[in-house]
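Using the hints provided, position chain B relative to the given structure of chain E.
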Amino acid sequence: MSATVRMAWPVALRERPRGAPVPWRLSGAVALCVLASLLALAPVIRPGAWMIVNGAVVVAVLGILAVLRRRGVAGPVAFAGAGFTGGAVLVLAYAGDGMALGLIPTGDTVALIDALVTEGIGAIRSGSAPVDAPAGLSLLLGVGAVLLALLLHAVAISARMPALAGIPLLIVIALPSVLVPDGFSVPAFALGAGVFTLLLRVGSLPATAAPARVRSGTRALAVGAATVTGAVLLPPLLPPSSFVLAGPYGSGGVGAAPAGTIAANPIVALGDDLRQPAAQPALSYTTTDTDPGYLRMAVLTDFDPSTWVPSAFRLNRSRTVDEIAKPPGLTSAIDTAQTVTDIEITGAYSRWLPAPYPARSITGLQGDWFWEPDALAVRATDSTTRGQRYRVEGIDVRPTREDLVSAGPVDGSAFLPELRVPEGQVPAVVSDTAREVTAGLTSDYDRAVALQNFLRSERFVYSESAPLDGGYDGSGPEIIARFLTERSGYCVHFASAMALMARAVGIPARIGVGYTAGDPVRGALGRAAEEEGASAWEVDTRDAHAWPELYFDRVGWVPFEPTPGRGRLPAYAAPVVTASPQRPAEPAPDASAPAAVPQELAEEAAAVPGTEGGNAPGGAPIGILALMVVALVLAPAMVRIVRRGSRLDRLRAGRGTATDAWRELSDAALDYRVAVPATDTPREFGDRVAAGLGPGGSDAVARLRTAFERESFARPVGDEPLPLPAEQGAALADACRTVLANLDAAAPAADRARARLLPLSLLSSRKRFSHAT
Amino acid sequence: MNNSSTEAETVSDARGTGEADMSLADVRVLADRILANVESVITGKHDAAAMALTVLLAEGHLLIEDVPGVGKTMLAKALAKSVHCTVNRIQFTPDLLPSDVTGVSIYNQVERRFEFQPGAVFANIVIGDEINRASPKTQSALLECMEEHQVSVDGVTHLLASPFTVVATQNPVEMEGTYALPEAQRDRFMARISMGYPDAASELDMLHSRDLSSPLDAIDAVATGAELVAMMAAARTVFVSWPVKQYAVSIVQATRHHPELRLGASPRATLHLVRAAKARAALEGREFVLPDDIDALVIPVLGHRLVPTSRALGSRGQGAAAASDILERIVRSTPVPLGGATTGADPAANGNGRPARARSATGAGVTG
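Protein chains in written order, with numbering that gives the first Met the number 0: chain E, 0 to 772; chain B, 0 to 367.
In case anyone wonders, no lab produced these hints; they're calculated from the structure.
Even for Gly, the Cβ is constructed at its ideal location relative to N, Cα and C.
Hints may be right or wrong, so weigh each one.
Here are the computed distance ranges between Cβ atoms for each label pair [unchecked claim]:
#: 1; chain 1: E; residue 1: 83; chain 2: B; residue 2: 181; range: 55 to 63 angstroms
#: 2; chain 1: B; residue 1: 306; chain 2: E; residue 2: 636; range: 52 to 60 angstroms
#: 3; chain 1: E; residue 1: 698; chain 2: B; residue 2: 32; range: 25 to 33 angstroms
#: 4; chain 1: E; residue 1: 636; chain 2: B; residue 2: 25; range: 50 to 58 angstroms
#: 5; chain 1: B; residue 1: 32; chain 2: E; residue 2: 750; range: 43 to 51 angstroms
#: 6; chain 1: B; residue 1: 25; chain 2: E; residue 2: 654; range: 34 to 42 angstroms
#: 7; chain 1: E; residue 1: 736; chain 2: B; residue 2: 306; range: 45 to 53 angstroms
#: 8; chain 1: E; residue 1: 755; chain 2: B; residue 2: 320; range: 44 to 52 angstroms
#: 9; chain 1: B; residue 1: 32; chain 2: E; residue 2: 727; range: 32 to 40 angstroms
#: 10; chain 1: E; residue 1: 694; chain 2: B; residue 2: 213; range: 41 to 49 angstroms
#: 11; chain 1: B; residue 1: 216; chain 2: E; residue 2: 694; range: 42 to 50 angstroms
#: 12; chain 1: B; residue 1: 320; chain 2: E; residue 2: 750; range: 35 to 43 angstroms
#: 13; chain 1: B; residue 1: 219; chain 2: E; residue 2: 698; range: 36 to 44 angstroms
#: 14; chain 1: B; residue 1: 306; chain 2: E; residue 2: 632; range: 55 to 63 angstroms
For reference, chain E alone in the conformation it holds in the complex (with noise of 0.2 angstroms):
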């Protein structure tokens, strides 16, 4: 019996004989496959027509494959048929203007398949997901979705092996959480175990019951159950940026995080972006500000010791971004503009939300999104920036270079996070060139001028590849100090040696991450943006930017721009000593540097969720998502022991029959693995499930078996089968338990612990009992 059993596996379908019609619910199980895999792709393409029609041909071919084999056709043959009115019925609904009388084709056919399938390429490669689906992106999905059912159907049907069509299912699943953000969709995956899940329960089932079933049915669920739980441990543990959809978007603007860990770390992901060959958008916007600043994400305070991570982003559900409040520290000495600006996100894909600091109310935003009372950063908790078109109301600050000189001295122990210098982490020579450069200066603006004006001056180059091919890219202490000696960096580098250096001398400092003002749009809408008193600008990825923003008594955080040749130096931040700004030859970006995500770029980026301590939102997804998998391998157990609960406890209370004691007892039996053919009789079977059990057990099933009996084959009393009288029931009952008792003691551990964790049992089939409950 063993050898029937292990030729069984994998081949779970060996109980159908070769050449014996193929079940249609084999070919309907494969069918929902496909159209699962379809849905699942709603995240990256958007749903549509396209989603009608191609699952429309799917199921097409399928039948057609089913009908051919049925009429006996050979399997190459009927695939080949399959596949070719799948690509016919393709061409007619996406290419049927090309043909002649609609039906023949032609040489235009050709040439609009041609133009098709590169509008297709096109729209996967520049389009932004969701993307649109065009003809000839619809046209390639639909070739995709054929061929994934002419696999499915190989593997699952022709091989018998339906446990291995989990694979390129899977793929197809997990495609979105991979390629964008949020692209992880709970019911996607829910739906694909789903189907898939029916696949190998129709697959394996054999058309009579045979001993093999026990055990590829433990496969079976084991291979399901895996699937189900890699699925969802798979996607967050995915290097976030490097798989991300349609490359230039990728690094996708500042935290391109994956769903699941809301807070990645915006500084990392600064650098892929400036680095990028191209330039591609990232929004655009009008402002009544006449001179704009940066648009500001996210704010980093703390710093681990390789990176600066942002402070802990502390949810409060009252905190709507309707009413923001006023920035801390402005007092009404200070002069200050009402601006409003209106953004429309093209390309960067973030938690974060760009806007320009101090912004007081957004309005327009799809999803739920906070601001964070310290820094005033807005970010969300269920979406992303991605397509969305919101209003920012805000001020634009403008201090006097006399409002921030006269500022009065800073209380220090209200800053203590922007105050932080780790004792031990910053090298000396951090500290040393700070009171070096600001040596005899006796105001903080002065101090910040002076650190901003040395790390602008000759002595430090920009350059976005040094770093990297130096080995020091990244904005921790350590890396300042390299920074410090080697003079050549980004502006991550120089804003965070900045901001590092104004905290070894008393400023509280930390660092803005977003984007730069962007260039103004010219042609015509630009014109109708400054007929209505505006101005329209364009930001793209090479705009992003990192900066310091300095805290001075009576202004608030005020930033500066240390980066030489980038952003826009503020009036109040304009050196005084020097007749005209010094600017360095500004070096040219080094365009051929290679894009490659460096290994260590990517493991602070896995690290940082890690950093953000318990209380974050970040720290919830990963509780949850292991609870989930918790209950997902308890479900199993849970289900039994109340199905079983149930079934007892109606007998004892007088309402249940001899056919629940005996289903619990075939139950009980797959559990521990003892075959349950459809082809025993009550008898065989008792003395099957009897067989290995003590005087005890068998007694216990005997009387089991002769109350089943007796109410099934009996002459019956009335029309349904009486519930049996309490004490009769509980008897029943009790034998169950012995039954069961007996069974657990007589299997090994291993099959001890599976027949509690995952209960066969719930995969049987309950047909077989007429009166079912």
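Just chain B now, kept in the frame of chain E:
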């Protein structure tokens, strides 16, 4: 009646007395007593004896097929003698005439009219020895009686005794000069059993017991004809649930589609199968039929009706062995419908199509 010998132990006609008064528990007691009596004559043949009694209770006819000298006739005689009823024995030979079986009208010169002389078939239990030695004409005369339970001679119909059971024996080995029963006629027998050789102990025992006298002389009737009729009536009351009927039909249908069978079982076979199952349940004192009853009876009841293909016969040589083998596989692969004793609905739900597909599940040891 030159070749038939009559062991006349005529009893009052048992017909119409005490029917249905017997409980199934009593049936069981009585059956055990009859079986014990029979087994005191033929030791070690419990199954054959029980099957013979089952067929008797089910009002069917029994065909015992085996090599000479294993006790075929002895079984039939012991059974007949255990029940207090009339027994006739016909030794079939090629020159036996139909009238020898059925009876003939003879002119009575004293009373100057024709008188009907009943043939050997007028008895409760008729033992037909070596039935395949008679000419087809004679065989068919007997088989007609078996089916019709009456004899028509010279335009006058004579009813046969009730109960009426034919126990025919047949030698499957020595086939020269015999007329093997055609399929149509084999179908009239409810069951076919073979005796098989006794084991060593039984054979030794036999040497001892047969030393002095025939053991048949030592036994007496343990049940009256009236009691036998009551037992039959009780057996008829046994309940057959819908699932069990479905199961029987499934199995019979499977024989009709089986690739190794040239001829499957007839609807009459289904009737016989269920009737025998009822008798078997009655013998055990059970008031309802179990699928296990069907399982146990499939080979005796269906085996002799099937004609295996020459390929299936192949190496086995004997049709009986091939048919048993095929039937065993069919039983092993036919799902047993469970539950719903009362549901009359959906009779075709489980029985249809299954057997044809079930064929494939022929893995060894499927049902252990």
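Here is how each hint holds up against the structure:
1. Separation of residue 83/E from residue 181/B is about 56 angstroms and conforms to the stated range, judged on CB atoms against 55 to 63 angstroms.
2. At roughly 54 angstroms, the beta-carbon separation of residue 306/B and residue 636/E lies within the given 52 to 60 angstroms, and the hint holds.
3. For the pair residue 698/E and residue 32/B, the beta carbons lie near 30 angstroms from each other, so the given range of 25 to 33 angstroms is met.
4. In this structure the supplied range 50 to 58 angstroms holds for residue 636/E paired with residue 25/B, their Cβ-Cβ distance being about 52 angstroms.
5. Here the CB-CB span from residue 32/B to residue 750/E is close to 49 angstroms, well matched to the stated 43 to 51 angstroms.
6. The hinted window of 34 to 42 angstroms between residue 25/B and residue 654/E holds, with their beta carbons roughly 37 angstroms apart.
7. Look at residue 736/E against residue 306/B: about 52 angstroms separates their beta carbons, and that is inside 45 to 53 angstroms.
8. Under the hint 44 to 52 angstroms, the C-beta atoms of residue 755/E and residue 320/B, about 47 angstroms apart, fit the expected range.
9. Distance hint check for residue 32/B and residue 727/E: the Cβ-Cβ separation is about 34 angstroms, which falls inside the suggested range of 32 to 40 angstroms.
10. For residue 694/E and residue 213/B, the hinted distance range of 41 to 49 angstroms is satisfied, since their beta carbons lie about 45 angstroms from each other.
11. Separation of residue 216/B from residue 694/E is about 46 angstroms and conforms to the stated range, judged on CB atoms against 42 to 50 angstroms.
12. At roughly 40 angstroms, the beta carbons of residue 320/B and residue 750/E sit within the given window of 35 to 43 angstroms.
13. For residue 219/B and residue 698/E, the hinted distance range of 36 to 44 angstroms is satisfied, since their beta carbons lie about 41 angstroms from each other.
14. Between residue 306/B and residue 632/E the beta carbon distance is about 57 angstroms. The supplied range of 55 to 63 angstroms therefore holds.
Checked against the numbered hints above, the structure breaks none of them.
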